[in-house]
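Engineer: Each chain, letter by letter, is given below.
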Amino acid sequence: MRSARGLIGGDPVEPLRLFPLSYPWAYAHVQQAKRNTWFPEEAPLHDDVQDWHERLTEEERQAVEILLGFFNPMESLVTSNLLLALYPHLTAPEVRLYLARQAWEEANHAMAFEYVIKTLPVDRERVFGTLEEHPAVAAKAAFQRRLTAEILKPDLDLATIEGRQRLLRNLVGFFVILEGIFFYSGFAFALSFRRRNCLRGLGTIIDWVLKDESLHLSFGVHLIQAFLQENPEVRTPALGEELRRMILEAVALEEAYNQALLPRPVLGLHAGSLNAYVRYVADRRLEELGLGPHFHTPNPFRWLAAEIDLPEQVNFFEARNVNYEVARPRE
Amino acid sequence: MVERDDNKNGSCWQPFGRRIARSGPCGFTSGGLIPFLHLYDALIHAINQGGRRRGTMAAYLKPWHLEIEAFLDLRRNTGDPYQRTPSLDTALWIPDAFMERVEADADWYLFDPLYAGDLVDLYGEAFRRRYEEHIARAERGEIPRRAWRKVRARELYLRILDALLETGHPWITFKDSSNLRSMLRHAGIIHSLNLCTEVALPTCPEEIAVCNLGSVNLARHLNADGSLDEAELARTVEIAMRALDNVIDLNLYPSERARRSNLLNRPVGLGCMGFAELLSRQGLSFNDPEAAEWADRLVEQLSFHAIRASCALARERGPFPRFPGSEWSKGRLPFDTLEDLERERRRAIEVDRGGRLDWTALRDALRAGIRNGAVMAIAPTATIALIAGTSPSLDPYFSNLFVRTTLSGRFVEFNPALVEALKTLGLWERVRERLVETQGDAWAIPEIPEPVRRRFPTAFQIRPEALLEIAARAQKWVDMGISRSLYFTSETPTDLAEVYLHAWRKGLKATYYCYVMPRMRAEPATVRVNKAAQRPRWVEAAEAELQAEAACAMDGSCEACQ
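Quick note, the sequences are listed as chains A and B, same order. Per this note's numbering, the first sequence starts with residue 1, numbered consecutively. Per this note's numbering, the second sequence starts with residue 332, numbered consecutively.
What the hints contain is simulated information worked out from the structure, not anything from laboratory work. Mixed in with the good hints, there may be bad ones.
[Unchecked claim] Label-pair distances were calculated between CB atoms; the ranges are:
{"no.": "1", "chain 1": "B", "residue 1": "P620", "chain 2": "A", "residue 2": "G240", "range": "52 to 62 Å"}
{"no.": "2", "chain 1": "B", "residue 1": "R794", "chain 2": "A", "residue 2": "A149", "range": "50 to 60 Å"}
{"no.": "3", "chain 1": "A", "residue 1": "H46", "chain 2": "B", "residue 2": "F742", "range": "18 to 28 Å"}
{"no.": "4", "chain 1": "B", "residue 1": "F742", "chain 2": "A", "residue 2": "R55", "range": "18 to 28 Å"}
{"no.": "5", "chain 1": "B", "residue 1": "P536", "chain 2": "A", "residue 2": "E41", "range": "32 to 42 Å"}
{"no.": "6", "chain 1": "A", "residue 1": "G240", "chain 2": "B", "residue 2": "G386", "range": "54 to 64 Å"}
{"no.": "7", "chain 1": "A", "residue 1": "E41", "chain 2": "B", "residue 2": "E670", "range": "49 to 59 Å"}
{"no.": "8", "chain 1": "A", "residue 1": "M111", "chain 2": "B", "residue 2": "R480", "range": "29 to 39 Å"}
{"no.": "9", "chain 1": "A", "residue 1": "E41", "chain 2": "B", "residue 2": "N554", "range": "52 to 62 Å"}
{"no.": "10", "chain 1": "A", "residue 1": "L84", "chain 2": "B", "residue 2": "P412", "range": "28 to 38 Å"}
Cβ atoms here follow ideal geometry from the backbone N, Cα and C, with glycine treated the same way.
Throw the hints in and build the complete structure from the sequences for me.
Structural biologist: This is how it looks when you write it as structure tokens:
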């Protein structure tokens, strides 16, 4: 019999009883998430519209449309997975608190991309139909949906090792692959425009989404490790091999997607360089799971240092400073 | 070098919900200040500056305005979007009376300008007297109950700092020191500063203030041995003053009111940049007491030569039309006005008074005339310093490695003196990546020897008091203002409260941006963080908040734990 304060196995409809905490890291993630609160309308898209008309080539516009058409529904898959697949089974109260918060953030991301889609003069019908129109996008969605469906099958039994391994596959599939790999080539692609001082409003939204996703990823890695600690028996060599295969499959899906995104190169970027970046990121994820790198590919996008890594000093009257956090309550 | 200064001054707008009882038989209600500010916010997007910069505007409000709380919310990211101004910058124009009441934990009264509008044109002792009369009138029931309110000054002060921490606005500027230390007091009231809080000039319905700005690159005025090349600095200032004075006549004015004001006052604002670079090259950090000494000495030189050059221009071209009656015409110098501020504030201004140059001789020259009604203002110089390849204004390097975001894009900047020092030590190649990883924080890299790394704090590692000391020592010599940004790692308004009080006590005219270090960052894209050595600041902070004993179970072993 599992302890009622474990990650899983508690009464799924028990009212929240937070303290004493069993997983302070989970609560810390909730606290930070609150501070990161943002809303799409804070990012002005005025200049982006002008860029769309005056600076983007037809190929770039199409690629941006695919990007938006991917992100918008993809965020909703995460929400579904959190609420339908994870929330019923992960019963630790502070973990659930974060899942609920994350579900809101994913919804906020979906709305943010909708906000961009409805502001930029994109072909909206085409963007909202991206999933149907592009097999490479649909394949990524199908990969994620399969993972959610696995948990929803009536034969799931978390009392068995097989059941708990299935849950672990879901955690890795969503927190590590979707949040940590599938989104990243899209981020790099979107930020490549800002590198040219173009689509800066979209760049701001990507900054915020990326910050959120970094937190989700961090939470996911903490969660996976805590889960493995509580359930050491699920950690079989076979499962390790399976997770590795999953990640490599995801990389292949991502490479097909990159090809659909950029059938021909645009200024400063081509599908090959995006692929190399995906491999670089995938190696990181493999290492985080203790599986060892596979590709040994160097990061092709050194310029991301300026877009993501370095602290930013903003001239307020030239650009919106987006670095403020929601203040903590006064003592 | 030319900047339009037509900031909106909001205190005369009708406050929200006030019934204009005397204005007509219908007794209609004014929509108040906020909808008008929203209108200006929209205007910013319609107008740009010759395609080079976005349109900009700052709204200044006095903290006795009945709508102050709504004003503080203007930049928040939640609430009715029509009550928000995401693009309009906001600033507070704070009288001494407010800061005094904050110190004394006294009450503060808010008024509908319809009943206390005369406060707009008063400052110093006259303001204090009239403000107290309005309080007495309010308490006697002579002002309608909905046209005033009483709050605790300290409570409002903390609410201001709350907004500052969360939104970076409103900027804190000081009305009384700006007016009492103006050399153009005879020419009218200064109703606000400009967007960057360094231009302090009078305005009225007939006159829009304009200022022509120029900045000397201090780092280019060093001798080979690192000492200041005073003769070269004097020469540069002389040329700059002549050029700035020429601009006044050659400029194209958008309105007659701007032209009129500029030709009557002939104001110019000579400032500087490269101070941080200069300090780094001296082997000094902003935290060293010598930094303030250098600021004092450098700005004294700038001020001395600027005034001297303007006097020489007056002999050649005549003094500015409003010279008679100005503080200049009395043989007074900018630092003399500290006495005026002390008298009206009834307390000493906490700033060192010493000077090194022969100011007495200059007083005699002054009485014969000066060409420019205003001479110095130290602007932020963010863009021109970037072009000149040096550090901006009197500001520190934001970090030793960082990105500056401007309208033209994102630019990587670094502290060149640190790079040179590291190259000399043969460390540069080894720690370059580490510098990306630590976001330019040299203190976090133990491989750099302590005596070297201590010289290179990030802006957030400089004590705010040190930055204020530098600003106060410089402000002593400057007749207009100084843009003084502050940097905080603290997240509570109570920690900021003392810093802004300190700024006021030191006689500063203004502060500018309040940068707050974000607690969390996105996962770095190009570097792998030393996972074993570091735990994320926000996990630590949240856990400290929790006062939980248990630590992060993963002891920082995850990639996103940076």
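Engineer: Are the hints correct? Go through all of them and say.
Structural biologist: Here is how each hint holds up against the structure:
1. B:P620 <-> A:G240: 52 to 62 Å: holds (59 Å)
2. B:R794 <-> A:A149: 50 to 60 Å: holds (58 Å)
3. A:H46 <-> B:F742: 18 to 28 Å: holds (22 Å)
4. B:F742 <-> A:R55: 18 to 28 Å: holds (19 Å)
5. B:P536 <-> A:E41: 32 to 42 Å: Since B:P536 and A:E41 have Cβ atoms about 36 Å apart, the given range 32 to 42 Å holds.
6. A:G240 <-> B:G386: 54 to 64 Å: At 58 Å between Cβs, range holds.
7. A:E41 <-> B:E670: 49 to 59 Å: With Cβ atoms ~50 Å apart, the hint holds.
8. A:M111 <-> B:R480: 29 to 39 Å: holds (38 Å)
9. A:E41 <-> B:N554: 52 to 62 Å: holds (54 Å)
10. A:L84 <-> B:P412: 28 to 38 Å: holds (33 Å)
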